[in-house]
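Using the sequences plus the hints, can you model the full thing?
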Amino acid sequence: MKGLQLFLRFILASFQRVFYVLSAGQMPPFASVAVLVREGEKILMVERSDGRGWGLPGGFVKMYETAETAARREVCEETGLEIEITGVLGTLSGERPGAWIRSVDVVFSGRITGGKLAASHEGRGAWVQLHEVRSRVAFDYLKILERI
1368 MKGLQLFLRF ILASFQRVFY VLSAGQMPPF ASVAVLVREG EKILMVERSD GRGWGLPGGF
1428 VKMYETAETA ARREVCEETG LEIEITGVLG TLSGERPGAW IRSVDVVFSG RITGGKLAAS
1488 HEGRGAWVQL HEVRSRVAFD YLKILERI
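Under the working numbering, think of the first position of the sequence shown as 1368, with each following residue one higher.
Note that these hints are calculated values from the structure, not bench results. Don't take every hint at face value.
[What the hints assert, rightly or not] In silico lysine to aspartate or glutamate, EDC-like type, Cα no more than 20 Å apart, as pairs:
{"id": "1", "residue 1": "LYS1409", "residue 2": "GLU1449"}
{"id": "2", "residue 1": "LYS1429", "residue 2": "GLU1499"}
{"id": "3", "residue 1": "LYS1429", "residue 2": "GLU1451"}
{"id": "4", "residue 1": "LYS1483", "residue 2": "GLU1444"}
{"id": "5", "residue 1": "LYS1483", "residue 2": "GLU1451"}
{"id": "6", "residue 1": "LYS1429", "residue 2": "GLU1406"}
{"id": "7", "residue 1": "LYS1483", "residue 2": "GLU1432"}
{"id": "8", "residue 1": "LYS1409", "residue 2": "GLU1451"}
{"id": "9", "residue 1": "LYS1483", "residue 2": "GLU1406"}
{"id": "10", "residue 1": "LYS1483", "residue 2": "GLU1414"}
{"id": "11", "residue 1": "LYS1429", "residue 2": "GLU1489"}
{"id": "12", "residue 1": "LYS1429", "residue 2": "GLU1449"}
[Stated by the list, open to error] Distance ranges between label pairs, derived from CB positions:
{"id": "13", "residue 1": "LEU1375", "residue 2": "THR1433", "range": "17 to 25 Å"}
{"id": "14", "residue 1": "LEU1371", "residue 2": "VAL1455", "range": "34 to 42 Å"}
{"id": "15", "residue 1": "LEU1497", "residue 2": "LEU1375", "range": "43 to 51 Å"}
{"id": "16", "residue 1": "GLY1481", "residue 2": "VAL1385", "range": "23 to 31 Å"}
Glycine included, each C-beta is placed from N, C-alpha and C at the ideal position.
Given below as structure tokens:
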């Protein structure tokens, strides 16, 4: 029964997005998260498997999931590491070059609590020296990285 409920919620959410597109001419933004984990002079990053460069671990928030839960899940899925959220660094919004959707991103800070660094289907996690990050980062995370 739970599977059916989740499926129906997905269908309803999809219908709502189609309705927004038809009535307003555009799809509303998605919610996404990213996490900046820093250890000394290194930052945890993921080299994307789609060839679009490096980014902070993160991704989309699922329906009925909090942003914090999504952040912990995404870091674990992409890097194999478990984290604790330690704060909010800021938000990012607007169009990204080459993106087919718009999103509003919440960028958290976090610290490692367990797990082991491992590659995933989404990319390869690695610790990158702080002075190398700016030349590698994809998307608009530079706005957040300038704050640290």
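The hints, checked one at a time:
1. LYS1409 - GLU1449: At roughly 17 Å apart (the allowed maximum being 20 Å), GLU1449 and LYS1409 satisfy the hint.
2. LYS1429 - GLU1499: With Cα atoms ~32 Å apart, LYS1429 and GLU1499 exceed 20 Å; violated.
3. LYS1429 - GLU1451: Within the cut-off at roughly 19 Å; holds.
4. LYS1483 - GLU1444: holds (11 Å)
5. LYS1483 - GLU1451: holds (15 Å)
6. LYS1429 - GLU1406: Between LYS1429 and GLU1406 the Cα gap is close to 28 Å, so the pair fails against 20 Å, i.e. violated.
7. LYS1483 - GLU1432: Violated, because 24 Å separates the two Cα atoms, which is more than 20 Å.
8. LYS1409 - GLU1451: Answer holds: LYS1409 to GLU1451 is near 17 Å, not above 20 Å.
9. LYS1483 - GLU1406: holds (15 Å)
10. LYS1483 - GLU1414: holds (17 Å)
11. LYS1429 - GLU1489: holds (17 Å)
12. LYS1429 - GLU1449: Distance of about 18 Å is within 20 Å: holds.
13. LEU1375 - THR1433: 17 to 25 Å: holds (21 Å)
14. LEU1371 - VAL1455: 34 to 42 Å: Check passed, 36 Å falls within 34 to 42 Å.
15. LEU1497 - LEU1375: 43 to 51 Å: holds (46 Å)
16. GLY1481 - VAL1385: 23 to 31 Å: Given about 41 Å between the Cβ atoms, the range is violated.
The structure is inconsistent with the numbered hints 2, 6, 7, 16, although it conforms to all the rest.
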